[in-house]
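Quick note, the sequences are listed as chains A and U, same order. Read in order, the letters of the first sequence are residues 374 to 583 in the numbering used here. Read in order, the letters of the second sequence are residues -19 to 134 in the numbering used here.
Treat the hints with care, since some could be wrong.
For lysine-lysine, the following DSBU-like pairs were computed, each having C-alpha atoms within a straight-line distance of at most 30 Å [to be verified]: (1) A/K566 - U/K(-3); (2) A/K444 - A/K566; (3) A/K544 - U/K(-3); (4) A/K566 - A/K550; (5) U/K(-3) - A/K550.
Because the hints were derived from the structure by calculation, they are not lab data.
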Amino acid sequence: MTQSAEERRSGEESASDEELALAARDGSRDAFSRLVERHQDRLFRFLLQKTGNRHDAEDLAQMTFVTAYRKLSRYQSQDRFGAWLFTIAHRQAIGHFRSFFRRKRLHENVATLGEDRNEIFDPARGVEGREESSVLWRIARTTLSKSQHTALWLFYAEEMPVVEIAAVLRKSPGNVKVMLHRARGRLATELMKEENGQKYRKSFYPEVTL
Amino acid sequence: MKNSIERNADLLEERLKAEARAASERRAPSGFHARVMRAVAAEAEGKVRPGFPVPLVFRMAAAGAVAAALAFFVLPGGWKGTDPTGPEQVAGVGQAESFWFDYRLYLESPELLENHFHGAAAVYVMNEYEYLSRDAAMARDFVQSMAPRWFATD
């Protein structure tokens, strides 16, 4: 006897991410659709934080899901699907910034463009599509390295364990702990500068070097 | 009893959590799920590749570049290896170093590079260097010597 559509739907709703991913790997488009539903908001927020731009975040989130779908055959059931998805998203974001730098460099060679060129190529200056709700996270995005920022977001916003963050960033857990420590130190310093307006004031929370 | 550094660190952590929670109210735009599933369906049916569509003329240009590279490097006598003293490698290193210094100038200061963009920039420069010099170890050594802080923190 074949399963009805409702039974199948109910099964998918109660299934874990990993079960859905395996079903999707076996060809179930519905299972993948459920995964997109479950993760689209988290992924969008993560990429919005990384890019500071809603349009870029949407495009990167879509590319992340399509890449994940294409690479499902490589997904291992022992991996947490969320961490696997964020690994892809992190790499998409790095690729996005690389192409952003390429475009900007190319663009600067074209001397004939007008005054608004920075708004076209610089998401930090562009107005349209710009979304920033938190001063602290804006400072994190603009002052920390991409990996530090990713680690910080996954740790505090996603509440992801250090081991999974390490898998996303392809680092050791110890390395991620050091990265988080330094990121907080750097952020504290930058926050103090921002809030006090004292650009060169010495940090009360000095960076640790190995 | 916590000292002031520990208290400040605790306050920062609390603020990070609170502002991340506030950001968690943001949702993907309506229609996003349908848009993704349309792209997935197109991918599954092999109609289009994800990302930006590549016009035929660029695909032909890419194929031409591959053919030219094959004709230039492989057919005359095989791949020359990664001898760092070979003329191609020396030329490649010169280009990569020139690229790096241009890039630092573009970013206005090494400090800006290391503090603001250093993660993505170093990866980018390392890839460019590796591509030009065809030597991954040399590329890493070069970027490490120019941007040691990136390697120390990441």
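Hint check:
1. Taking the CA atoms of A/K566 and U/K(-3), the gap is about 21 Å. The hint holds against a cut of 30 Å.
2. For the hint linking A/K444 to A/K566, the alpha-carbon distance of about 44 Å lies beyond 30 Å, and the restraint is violated.
3. The straight-line distance between the Cα atoms of A/K544 and U/K(-3) is roughly 23 Å, inside the 30 Å bound, and the hint therefore holds.
4. A threshold of 30 Å between alpha carbons decides the hint, and for A/K566 with A/K550 the separation of about 25 Å falls inside it, so the pair holds.
5. For the hint linking U/K(-3) to A/K550, the alpha-carbon distance of about 17 Å falls within 30 Å, and the restraint holds.
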